[in-house]
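Read top to bottom, the protein sequences are chains A and B.
216 is the number that full-length UniProt numbering gives the last residue of the first sequence; the numbers go up by one with no jumps.
141 is the number that full-length UniProt numbering gives the last residue of the second sequence; the numbers go up by one with no jumps.
Mixed in with the good hints, there may be bad ones.
Stated by the list, open to error - Subject to a maximum C-alpha distance of 27 angstroms in a straight line, what follows is the list of computed DSS-like cross-link-like pairs (lysine-lysine):
#1 K85(B) - K123(A)
#2 K94(B) - K131(A)
#3 K38(B) - K138(B)
#4 K131(A) - K71(B)
#5 K109(A) - K71(A)
#6 K126(A) - K85(B)
#7 K87(B) - K138(B)
#8 K87(B) - K118(A)
#9 K94(B) - K70(B)
#10 K73(B) - K85(B)
#11 K94(B) - K38(B)
#12 K103(A) - K42(A)
#13 K87(B) - K194(A)
#14 K70(B) - K131(A)
#15 K131(A) - K97(A)
#16 K204(A) - K182(A)
#17 K126(A) - K87(B)
#18 K4(B) - K73(B)
#19 K97(A) - K38(B)
#20 K97(A) - K182(A)
#21 K71(B) - K94(B)
#22 K146(A) - K131(A)
#23 K123(A) - K71(B)
#24 K97(A) - K71(B)
#25 K71(B) - K126(A)
#26 K131(A) - K85(B)
#27 K71(A) - K35(A)
#28 K87(B) - K123(A)
#29 K70(B) - K38(B)
#30 K87(B) - K73(B)
#31 K109(A) - K205(A)
#32 K94(B) - K103(A)
#33 K118(A) - K131(A)
#34 K194(A) - K109(A)
#35 K126(A) - K146(A)
#36 K131(A) - K87(B)
#37 K71(A) - K145(A)
#38 K180(A) - K205(A)
#39 K118(A) - K85(B)
For the record, the hints were derived by calculation from the structure and aren't laboratory data.
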Amino acid sequence: MRKIAALLFIVLAYSACKNGDANSRLPIYGNRDTKNVVVNGKTVVDTVYQTIPAFRFVNQYGDSITENSLKGDIYVADFFFTTCPSICPIMHRNMLKVYADFKNVPDVKILSHSIDPKHDSVKVLKAYADKLGISGNTWWLLQGKKEETYNLAQSYLTRRPEESAKDLFIHDGLFLLIDKQKRIRGSYDGTDEKETERLIADIKKLRAETNTEIAQ
Amino acid sequence: MKAKTTAFIAFFTGLLIVMFACESQDSLEFKRYYVNGKLIYQQRCQNCHGANGEGLSNLMPPLTDVAFLKKNKQQLPCFVNLGLKGKLLVVNGKTFSNNMPANDIAPVDIAEVLTYVTNSFGNKMGVVTAEQVTAQLKACK
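Okay, chain A solo, but in the shape it has when bound (with noise of 0.2 angstroms):
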């Protein structure tokens, strides 16, 4: 009896584990407000979540991106420098692999920010890019008004990048996961191998999630 009541406790602890893997929604990140909206003649709360602002970039091959261009995207950003020596390198080793996954994925993004737009000018983004190995466009590199790029960057709830006496730039590793409705859904450790595997199945699982919200 015993041993039954063990096997049973088991595969429920399994069925529950499995239930909540599949049903568990990515967590919304960042400030949230409310609004009082009006549905059906009654007045509810409504939550309103942190958004990214409007913004305007060049991107490698000199087309103005801006939020309207990621309509209907999920995408995933981060901040780089082309002459970073230190941890740019590995961060788009690991992110060539979230390129290599879903560059066939039509609404799948990935924005790389230069937070040195002064020597990234638009020529140097696309040689790096083709030195990179990524084509099409399913992987920008942008670059624009340094102000609004740090400013951007806090947005993102990433560190604000600095500059530091040696004129090198500081910044963080972080890779952002952005929803279509350009909410943060995730942010990893852009430098980690197993953080990286960790955005690739949590885009994965946005994607079912918003698929499904269109759906109904």
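Here the structure of chain A is known, so what remains is to put chain B in place on it, guided by the hints.
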């Protein structure tokens, strides 16, 4: 006859002892260079060249091309010490022209990291000594 055999055995045993002693001293030196070199590699080289010397696409050259390492053996300490600026290198059949930062470290450290690199990632080129590095650094252009 017996004495001769004993002498022969004694001589042969002695020879073996000397051989093993030499070998173990060599391998001890190799291990010292290799282990210290691994640490320096992790601190200074791994970000760009990768944990397995795989490099990064066409941006950072891999360290797995034995032919390249053998051909440039004399130059390797110069590469580490002075860095590289826009020099075209053909590694594994790909062309690289990225900048590599200079490393302000002692010749013995260069010897250690080169011993690690040239005996890892499928390479097997033996120990690189501090004396060799010091001599090669003098010939850097």
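Comparing the hints with the structure gives:
no.	hint	result
1	K85(B) - K123(A)	holds (19 angstroms)
2	K94(B) - K131(A)	holds (10 angstroms)
3	K38(B) - K138(B)	holds (25 angstroms)
4	K131(A) - K71(B)	holds (24 angstroms)
5	K109(A) - K71(A)	holds (11 angstroms)
6	K126(A) - K85(B)	holds (20 angstroms)
7	K87(B) - K138(B)	holds (20 angstroms)
8	K87(B) - K118(A)	holds (23 angstroms)
9	K94(B) - K70(B)	holds (17 angstroms)
10	K73(B) - K85(B)	holds (19 angstroms)
11	K94(B) - K38(B)	holds (26 angstroms)
12	K103(A) - K42(A)	violated (45 angstroms)
13	K87(B) - K194(A)	violated (35 angstroms)
14	K70(B) - K131(A)	holds (25 angstroms)
15	K131(A) - K97(A)	holds (16 angstroms)
16	K204(A) - K182(A)	holds (17 angstroms)
17	K126(A) - K87(B)	holds (20 angstroms)
18	K4(B) - K73(B)	violated (49 angstroms)
19	K97(A) - K38(B)	holds (26 angstroms)
20	K97(A) - K182(A)	holds (23 angstroms)
21	K71(B) - K94(B)	holds (16 angstroms)
22	K146(A) - K131(A)	holds (24 angstroms)
23	K123(A) - K71(B)	violated (34 angstroms)
24	K97(A) - K71(B)	violated (33 angstroms)
25	K71(B) - K126(A)	violated (32 angstroms)
26	K131(A) - K85(B)	holds (17 angstroms)
27	K71(A) - K35(A)	holds (24 angstroms)
28	K87(B) - K123(A)	holds (19 angstroms)
29	K70(B) - K38(B)	holds (20 angstroms)
30	K87(B) - K73(B)	holds (17 angstroms)
31	K109(A) - K205(A)	holds (15 angstroms)
32	K94(B) - K103(A)	holds (24 angstroms)
33	K118(A) - K131(A)	holds (20 angstroms)
34	K194(A) - K109(A)	holds (20 angstroms)
35	K126(A) - K146(A)	holds (19 angstroms)
36	K131(A) - K87(B)	holds (15 angstroms)
37	K71(A) - K145(A)	holds (22 angstroms)
38	K180(A) - K205(A)	holds (13 angstroms)
39	K118(A) - K85(B)	holds (20 angstroms)
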